[in-house]
Amino acid sequence: MPTSSEIARRTQLRPITEIAQSLDLAEDELILYGKHKAKVHLLAYERRQKELDGKLILVTAITPTRAGEGKTTTTIGLGQAFALLKKRAMIAIRQPSLGPVFGIKGGATGGGYAQLLPREDINLHFTGDFAAIEKANNLLAALIDNHLHHGNALGLDPRQITFKRCFDMNDRALRQIITGLGGRAGGIPRETGFQITAASEIMAIMALTQNLSDLQERLSRIVVGYSYERRPITARDLKAPGAMTVLLKEAIHPNLVQTLEHTPAFVHMGPFGNIASGTSSLIATKLALKLADYVITEAGFGTELGAEKFCDIKCRVGRLNPQAVVLVATVRALKLHGGAKASSLEKEDPFAVEKGLENLEKHIENLEQFGLPLVVAINRFPQDTQSELELVLEYCRARGVEAALSDVFARGGEGGLELAERVVELADSKRAQFRFLYEPEAPLLEKIETIAKKMYGADGVEYTSLAKEKLARLERLGYGRSLICLAKTPSSLSDDPKRLGRPRGFKITVRDVELSAGAGLVVPLAGEVLTMPGLPEKPAAEEIYLNAEGHIEGLF
64 MPTSSEIARR TQLRPITEIA QSLDLAEDEL ILYGKHKAKV HLLAYERRQK ELDGKLILVT
124 AITPTRAGEG KTTTTIGLGQ AFALLKKRAM IAIRQPSLGP VFGIKGGATG GGYAQLLPRE
184 DINLHFTGDF AAIEKANNLL AALIDNHLHH GNALGLDPRQ ITFKRCFDMN DRALRQIITG
244 LGGRAGGIPR ETGFQITAAS EIMAIMALTQ NLSDLQERLS RIVVGYSYER RPITARDLKA
304 PGAMTVLLKE AIHPNLVQTL EHTPAFVHMG PFGNIASGTS SLIATKLALK LADYVITEAG
364 FGTELGAEKF CDIKCRVGRL NPQAVVLVAT VRALKLHGGA KASSLEKEDP FAVEKGLENL
424 EKHIENLEQF GLPLVVAINR FPQDTQSELE LVLEYCRARG VEAALSDVFA RGGEGGLELA
484 ERVVELADSK RAQFRFLYEP EAPLLEKIET IAKKMYGADG VEYTSLAKEK LARLERLGYG
544 RSLICLAKTP SSLSDDPKRL GRPRGFKITV RDVELSAGAG LVVPLAGEVL TMPGLPEKPA
604 AEEIYLNAEG HIEGLF
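The sequence shown begins at 64 in our numbering and counts up one residue at a time.
Source of the hints: derived by calculation from the structure; they are not laboratory data. It is possible that some hints are incorrect.
[Unchecked claim] Below, computed lysine-lysine pairings styled on DSSO-like, alpha-carbon distance capped at 27 Å:
{"#": "1", "residue 1": "Lys353", "residue 2": "Lys149"}
{"#": "2", "residue 1": "Lys353", "residue 2": "Lys150"}
{"#": "3", "residue 1": "Lys533", "residue 2": "Lys516"}
{"#": "4", "residue 1": "Lys353", "residue 2": "Lys113"}
{"#": "5", "residue 1": "Lys150", "residue 2": "Lys516"}
Predicted model only: the values in this text are computed from it and were never measured.
Whenever a hint applies, use it, and build me the whole structure from the sequences.
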């Protein structure tokens with residue numbers, strides 16, 4: 064089989080105007096970025112508000128491992144399979160962050176015969192959305208320090224400034240810094256730091272906003288810190304939202320691209336699933352539902368992170384009603400969850416697969432709590448044996464859960480036809496009885512505990528004194544109705560990345576709490592989750608270069 068790069072380079076892309084025409088988009092609804100990518104103007108949604116929505120399908124996964132689950136590849140391949148079934152379908156996924164691209168993960172546009180194109184553009188600067196978010200974020204940060212320098216009329220306590228600058232790269236040296244050095248002309252010295260752009264509150268807002276006026280209102284609600292009297296100081300107080308909105312006015316429009324088989328796809332916004340909502344923008348999803356009969360979207364990491372946030376945050380804010388879920392699993396990942404060593408994954412090991420099914424079991428239970436019918440997609444690898452695959456299929460049959468093999472990496476849409484047929488059947492069956500996990504009116508502590516117990520399988524939650532004090536303060540300040548965006552490691556159902564499988568008899572520890580008032584979220588931080596990752600010993604960046612023909616090598 065040729066490499067993913069070879070497959071992509073052999074593919075003849077269609078003009079993006081042709082892809083837009085297949086969706087009945089008008090010329091004035093497109094903002095072109097060359098021949099093969101475009102933004103779709105928000106007026107396209109405004110013109111179609113009264114039209115019926117298509118059916119929304121979520122793709123999520125079991126707990127991710129180093130073996131890879133292929134969630135994005137499955138999402139793309141499934142969209143291609145829908146097209147082969149003559150279904151009017153669209154894909155909606157997140158934009159990749161440069162941090163993981165140059166760190167460990169590499170490119171995030173699928174692989175094999177299930178890819179989004181132009182993949183180099185999507186994984187690098189694309190249409191400039193991340194740059195716009197950085198500029199808007201860092202403008203607000205600059206206005207904060209400028210306010211301090213020019214007399215601090217708001218009484219903002221430099222020790223209680225919570226808003227950070229952001230940068231779309233893994234850079235551990237920026238986690239904790241001191242700004243304002245250099246004497247009187249350099250500003251007021253204070254401790255601060257950077258977050259990676261995907262973890263910023265501006266990114267969270269952009270993923271959940273619905274139009275420009277909503278965006279400006281959300282930006283105005285950002286709490287940048289507290290006064291000496293412990294009163295929240297907002298971006299509105301600093302007169303920042305207008306200029307920030309101007310910087311984001313182009314980024315708000317969804318980006319339109321295509322798959323290898325020319326299925327249309329929105330790639331828009333990129334909040335991390337372990338820290339933020341982990342879904343593509345609400346705007347892109349809602350517009351896709353007006354343009355297509357079926358919309359296939361994905362959420363970051365496993366069900367307890369991405370799918371929970373998709374349901375309890377994105378669907379609640381956008382009044383979305385998902386009809387079916389695809390739960391991606393691999394034999395390789397199940398082996399790791401069953402105790403197999405990474406070095407032995409190529410060997411047949413039915414005992415490890417059987418033990419690893421406990422992890423799959425928990426993720427099935429999680430989705431059932433939202434009242435959503437599901438199909439387990441077994442993403443096939445060449446080394447998988449028939450007996451191992453049959454173990455997973457038999458488990459699903461015994462549990463009364465739909466399951467299908469997926470071979471989209473090797474065969475594109477054709478390799479996902481069986482899966483697509485099952486998904487269409489479920490989405491059309493009206494079996495979904497979608498419900499939320501908690502109500503916003505519940506106290507913050509109760510909402511956090513509900514997620515920990517029902518999604519993670521924890522016995523309860525422990526809090527540091529700092530976290531408990533912050534949660535109490537947020538309740539007093541009127542933020543108790545905020546939705547919960549619990550941040551933890553994606554590598555385990557618990558907050559300990561080393562506990563694979565289905566951990567039991569544990570509690571999670573919330574060590575700190577952040578407020579994203581503009582996004583309407585309270586973000587408890589469990590375990591050692593970081594909002595600014597670092598690069599590994601051998602970053603992927605070391606292997607990325609331009610070859611003699613001008614092609615990018617090593618990006619995937």
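### Query
Taking each numbered hint in turn, which are not upheld by the structure, reported in ascending numerical order?
5
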